[in-house]
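2 protein chains.
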Amino acid sequence: MSTKYLYLFTEGDKDMRNLLGGKGANLAEMTNAGLPVPQGFTVTTEACTRYYDDGRKIAPEIQEAIFEYMGKIEEITGKKFGDKANPLLVSVRSGSRASMPGMMDTILNLGLNDEVVEGLAAKTGNPRFAYDSYRRFIQMFSDVVMEQPKTEYEKIIDEMKEKRGVTEDTALTAEDLKELVGEFKARYKQNQGVDFPSDPKVQLIEAVRAVFRSWDNPRANTYRRMNEIPYDWGTAVNVQSMVFGNSGDTSGTGVAFTRNPATGEKALFGEYLINAQGEDVVAGIRTPSPISHLEQQMPEVYKEFVEIAKKLEDHYRDMQDMEFTIEDKKLYMLQTRSGKRTAAAALKVAVDLVDEGMITEKEAVMRVEPKQLDSLLHPQFDATALKAAKLLGKGLAASPGAAAGQVVFSAEEAASWHAAGKKIILVRLETSPEDIEGMAVAQGILTARGGMTSHAAVVARGMGTCCVSGVGEMVVDYDKKQFTLGGEVVKEGDFISLDGSTGNVYGGAVATTEASISGDFDRLMKWADDARQLQVYANADNPKDAKQGSDFGSEGIGLCRTEHMFFEASRIKAMREMIVATEKEAREKALEKLLPFQQSDFEGIFEVMGERDVVIRFLDPPLHEFLPTEENDIKEISAELGMTVQALKDVIASLHEFNPMMGHRGVRLSVSYPEIAVMQTTAVIKAALAVAKKTGKKITPQIMIPLVGEVKEFRFVKNFVVETADKLIKDAGSDMKYEVGTMIEIPRACLTADEIAAEADFFSFGTNDLTQMTFGFSRDDAGKFLDYYYENKIYESDPFAHLDQKGVGILVEMACKKGRAANAKIHLGICGEHGGDPTSVEFCHSAGLDYVSCSPFRVPIARLAAAQAAIKNPR
Amino acid sequence: MSTKYLYLFTEGDKDMRNLLGGKGANLAEMTNAGLPVPQGFTVTTEACTRYYDDGRKIAPEIQEAIFEYMGKIEEITGKKFGDKANPLLVSVRSGSRASMPGMMDTILNLGLNDEVVEGLAAKTGNPRFAYDSYRRFIQMFSDVVMEQPKTEYEKIIDEMKEKRGVTEDTALTAEDLKELVGEFKARYKQNQGVDFPSDPKVQLIEAVRAVFRSWDNPRANTYRRMNEIPYDWGTAVNVQSMVFGNSGDTSGTGVAFTRNPATGEKALFGEYLINAQGEDVVAGIRTPSPISHLEQQMPEVYKEFVEIAKKLEDHYRDMQDMEFTIEDKKLYMLQTRSGKRTAAAALKVAVDLVDEGMITEKEAVMRVEPKQLDSLLHPQFDATALKAAKLLGKGLAASPGAAAGQVVFSAEEAASWHAAGKKIILVRLETSPEDIEGMAVAQGILTARGGMTSHAAVVARGMGTCCVSGVGEMVVDYDKKQFTLGGEVVKEGDFISLDGSTGNVYGGAVATTEASISGDFDRLMKWADDARQLQVYANADNPKDAKQGSDFGSEGIGLCRTEHMFFEASRIKAMREMIVATEKEAREKALEKLLPFQQSDFEGIFEVMGERDVVIRFLDPPLHEFLPTEENDIKEISAELGMTVQALKDVIASLHEFNPMMGHRGVRLSVSYPEIAVMQTTAVIKAALAVAKKTGKKITPQIMIPLVGEVKEFRFVKNFVVETADKLIKDAGSDMKYEVGTMIEIPRACLTADEIAAEADFFSFGTNDLTQMTFGFSRDDAGKFLDYYYENKIYESDPFAHLDQKGVGILVEMACKKGRAANAKIHLGICGEHGGDPTSVEFCHSAGLDYVSCSPFRVPIARLAAAQAAIKNPR
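Chains L and Z, in that order, give the protein sequences.
Residue numbers for the first sequence follow numbering that gives the first Met the number 0, beginning at 0 and rising by one.
Residue numbers for the second sequence follow numbering that gives the first Met the number 0, beginning at 0 and rising by one.
In isolation and in its complexed conformation, chain L is listed as follows:
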């Protein structure tokens, strides 16, 4: 039996989204509910995948079926496609499973040609309407199907209006429009090299082909990647008989929401235009009227529409976004779908629907996109101000929010300008740990290099500071204190604005609105917390971040990076002394100086966290990161350290690595210099003992050894930790417990997880590094070639943003399984950047992890994502 590639609206329903697309499924649903829907049919998404499988050809059998179904529509409508006397015109629209801007949208009035247009004029007695429809059709077909420049046709209309001395399209007469049609067809031929197709059948197949083709255009591909929509879903095509909002002053067209999509307020919200077709409402040439005006203008129609809107919302149990057309006072519904909404609206609608008894709390939890929450937690640009802003360029949306400030080019300048009360944006080629203090006082951070998990991006997300990274086109000149982007030269002190949620960089200071969280937020998050099975921790390196995480609902700290503590001016000298030491004794002496700093940092964190988990990761980066690279700094610092410039240079040279990512770092540092682990253990345990004593709380510090790939290296360092900790605890007369675990971030750790688990109290998956090693590419370098991979659909999303379940995921699952088998009491978590990504959180839930840990500002997102995962797949 051959596949059924076409469905009449009467044959489908709303559950057939995968096959019919969202639009097709809902048109069918409305048809079956008896709503006034112009009839038509849907060409399925399978026909689209078939089109690509067949080498971008529409199979003859599908073409035949399309005409067969046109026949069925002819029967239903009593009109005939291509017939002069009683012509059937149709619209052709794309419609995939998920609503997807970027694809071809709509062709209206298809089926017109020089003869049919005359018939339509005669039949309706309205030649102006007929030619208006015809010129719209040619214009859309040229633009959307043939991809000719839209502006050329708009210019022809503008010239015509100027010639006639009118300002509105509606002021053009039938004759004007007929002349326009002639000019359009001439332009079409000039652009295309052939005549405009007069055969309606050719028009139809070309339009269907254009919809299929548009599934693969760059805009659609980008959108899909950003929204994780698989390429192989394909799009459906809806062919629907036309109704005409442009047939006179008792006709019109509009769009409306059942609730306010910006605020969630329960009130019909929308606009319409009289004597117009679909695209006029959004085109902005004429100003539409608010939907409430319709009540005066056509009370009957308005009443019917309000009833239908209510019926649809009740039916779908969600806010609906509807398109409608009025033809000669008769209302037709062209589309309904769950409406896109702001985060605030999403929260309010979800909570209100629960209060209205329409949905359950769990359903409410499912109704809010986790990543939407970002916009509630960070400042945003004022929408009006943004429209006027000049876009200079675009980078990666590395850390969400909006920021405006004066440009500075160094961390030192950032600090001093900030001290002088200025709002600043820190601009760097890339950031390094030495820039931390400057980053902390910046409104936003802008870098020329580095990806989503570069230093700048990771630190900025941790701080909740807006960051745009990897603006490859930006040329930064530190000497001249300026950068060039989008043809503009921006100097120190000039204002710029960053949108960390889109990656956009604007010139000047764009006004921002503050973050705000409503009571709806707390109610929904409470429901989410009730539903979820994963715990959510925060990554926090200091008491401030720990507090921030707690405020956002984190239940512990899953990653406290100790190295950031060493970069502060008061500490880095001792750190450097440690690094340049050639003997163990000198190293220990320098470490002794660092000990009180570390201890007091940990005390601050334990005080905030009390009895909740705090996982402290021991020193991770290669030591050369703490040494200067610039000639001047080397001079200064060698003097500080009391060594010759050459001696310091020799140390720097000896620490040089070809591939620092795979170099002397993580546990390897403590294998070489166990005294580092001993000092850090001392700091952790002394801090825990002190805070426990002071607060009377039962503190159980968790020490995490990074980068382990072999149980023996873990055991080697653990022995130093245990020996040191046990002695301190015993000397303090305490019975404090502590745990020693490891970060799983090396493939070999996953492969040998059973052995490691037998020694470790916990695993925390460091999926940033694990992704790098599993793919064999460095996150700092991959940006250069990953674009080719996206373009060619080799990868559909950034594996550093969304955990790669096919590769990295297998290693994670293997490690969980082996780990639990060897140590039933082991607890498992993730502390990589993926811990705050909704799809990755869902994977972590399914893989059976105990917790996810992410930057404080992502904690609410993770809580919601964890709840949705648990509702979808309870475990």
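Take the hints with a grain of salt, since some may be wrong.
Same chains, same names: a pair is fine if it fits in one copy or spans any two.
As the list claims (entries may be wrong) - DSS-like cross-link-like pairs, simulated, lysine-lysine; straight-line CA separation at most 25 Å:
1. Lys817 with Lys805
2. Lys783 with Lys711
3. Lys588 with Lys783
4. Lys697 with Lys729
5. Lys648 with Lys154
6. Lys393 with Lys122
7. Lys805 with Lys711
8. Lys805 with Lys816
Think of the hints as simulated: they come from the structure by calculation, not from any bench.
With chain L held as given, fit chain Z onto it using these hints.
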């Protein structure tokens, strides 16, 4: 039931090596065979592991058992330990499963003290003998057990001899020796702070402890790592009642082999000393006599010894290495074991034993250490010349063989000095592909940096050129054209010598002997080929290497690296034009220039290889490797390329990578620039068509895409390959077949091997990179910290030298399993450095691979290793 930690010699046999060590097992075996063995017992290897498990303590129960067994020996010998009247003295010797120099060897005469020595003197009527034994004991105990400086005691003897005006130890009288004992004991106390232990029980336990402890000394650890002996095996201790070769002129001691260990000739070979104890024979103070002299000196003893030697060889069916002592004309056997032998001797003995009907051909194959073959295939130093050579320093034994020549510091100098007829050693900080031509003409290569798989090491092994890499202490000064090592300054033109089999660097020109292969080699390799199930291919980048591989018996080429072809002076310009091109067209134009070069290279290789497999890997290294780094070169090359210096610098900067190992290389290059794959495909296919036409042979080229981690990226590039190849073949009117496969060197490729196998004709495991990614360390950087890992027994061998079966091996096995399940016809091989390492070859056999590929000079090793694997574990 408690573990049995001790065995009398009468309780063991030769199959109990694991428990009793080699020495203990063979002493037991000889005892049971009725040979004259002084009786004793063995403390098991399990007691040694127990010692370490107990925190380096000998458990009381084991100490008690030792004395219990001493009691049994007292019964057997009728003597008493510590008894003045009839003292039992013992020797204490280590003995692990594998013969292991580096551990504590022997303590003789244990049980003596001031009283017992008098008793012994009285009983034997030979006070000279008694005091000679006593001074030997104190000397050995101080040195071996207490680790006091040996030379101090030797100096005391020398002073005594000088005082007495004698030259030989034997000329010292009993009184002299007694005085010596006094001086020794004084020195002991001075060094140790306590008196020499007079209690024989204390002496014994200390000696046993010293044997256990010596298992973990640095020399032993180094030896174990080099020979892949696991740390957890432990050593046994043999306690044996003494017989005395130093009791007069009818006594003596000696060592002998049943055949000549240097040549394999079938004739008793060895030497002995009259009136001496064990260590005298090897100490070199007195010159021993050849074993044949014994026939005159003590015909009866000699006859008995010859009979025993024959009996032992027949029994063990291998050449034996024996120790014996004659006490008052009575022969005692102290040890027998399979004798160490040179490669030539190993071959001759194995082949002779087959001819003598003693062993089967398969057994003969098992008798030769594969890695020993190296010394047959490369020049070696003349042993006498080597003794006189001055050792300057030591690096890694990167490519075997011996070389002497004049030092030059650049590839250009190498070429011009070579052209002038000089033998040169190329000395570099590290080598890069640009040095290839210089490396090709060098006798040997010496580098300061880089490990066993550095560029220098890999290329040198491929060429069969001697190389010592990673001489960390060497300071190279290119400007002054000199290097400093071991305190010596070596200038351009000075002679040095390299031993690539040990890593030693010598000053001056040490004489070498040429490589030589005997008929025995061919016979044994034939038997090996009959036995093995793995095929053995060679890695070869040019016709010369292909020929070399064939001569050594390779059955195909498993890895032909195409990038090396681009570094030749005539080609690199076009390569650079390709790299600096910003447009596809310019890139294609440059590639077109490279095409004829590539094609002719491939033609040369196909002509050598005929119908055998040739796997050609497409461009792999990051492009920046082809660009200059030095200011002068940049100037010159920018002019050559017709661009400004700044423009070239910009290209170089844009290609800079933080972690080039994980950067834009391998398949990623062809994803970005498919025209590279198209050019390379064209070259391969045209070459194959041309050679097929010319020779009439059926050539089936195999194209290998490197660094694949995802099936879609493989498919993307494969599509270009197939399109290009099919068209060329069709246009030529040919029906030539070709294959497209991939290198599996990224963990993700293993994890998704089923998907990739569905598209690939073959997998070739690139275990160098796979090891790097799986361990998360870069081979270029790991040298800096791996020493700490070896020291602390975290890793026992270099994972780049021996495939890590626990981690990397799991990925390989997973990929094999998934690959075969998805594609039953897929063929599987390995082309990393591990392909020439015997233990790795054994793993490849067990994992079910079809072939291993290695550098030409390793082919015989791989053939033999593959045979041994198949004999051990037929599949």
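Going down the list of hints, with the structure as the test:
Within a single copy, Lys817 and Lys805 get their C-alpha atoms as close as 18 Å, and across copies as close as 14 Å, so both meet the 25 Å cut-off. When the C-alpha separation of Lys783 and Lys711 is checked against a cutoff of 25 Å, the pair qualifies only between copies, where the shortest distance is 19 Å, while the shortest distance within a copy is 37 Å. Proximity of Lys588 to Lys783 under the C-alpha cut-off of 25 Å is restricted to the inter-copy arrangement: shortest distance 23 Å between copies versus 43 Å within a copy. For a Cα distance limit of 25 Å, the shortest separation of Lys697 from Lys729 inside one copy, 16 Å, qualifies, whereas the shortest one across copies, 78 Å, does not.
Taking CA atoms no more than 25 Å apart as the test, Lys648 paired with Lys154 passes in neither setting, with 66 Å inside one copy and 46 Å between copies. Taking CA atoms no more than 25 Å apart as the test, Lys393 paired with Lys122 passes in neither setting, with 53 Å inside one copy and 100 Å between copies. For the homomeric pair Lys805 and Lys711, the shortest alpha-carbon distance between copies (13 Å) is at most 25 Å, but the shortest distance inside one copy (29 Å) is not. With identical chains, the CA atoms of Lys805 and Lys816 are at most 25 Å apart both within one copy (16 Å) and between copies (17 Å).
Taken one by one, the earlier hints fail for this structure at numbers 5, 6, listed in ascending order.
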